[in-house]
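J.: Sequence:
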Amino acid sequence: MNSIREVAQLKSQIADVVAESLSVSWRLMIRVKGVGAI
Numbered sequence: 001m002n003s004i005r006e007v008a009q010l011k012s013q014i015a016d017v018v019a020e021s022l023s024v025s026w027r028l029m030i031r032v033k034g035v036g037a038i
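Residue numbers (my numbering): 1 to 38.
Rather than coming from a laboratory, the hints here were simulated on the basis of the structure.
Derived pair list, reagent style SDA-like, types lysine to any residue, alpha-carbon separation capped at 25 Å:
hint, residue 1, residue 2
1, K33, A19
2, K33, V17
3, K11, W26
4, K11, L22
5, K11, S23
6, K33, L22
7, K33, S21
8, K11, V24
9, K11, S25
10, K11, S21
11, K33, S23
12, K33, V18
13, K33, E20
14, K11, M1
With the hints as constraints, model all of the structure from the sequences given.
T.: Okay, structure coming up:
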């Protein structure tokens, strides 16, 4: 059971990292290209 919980936690952490990466990329694009690029 512990391994199942650990896998679920790892998947959650990966999802958090991907979401944060997308957020940072989005903010960088706005900063570089300006709000008009949206």
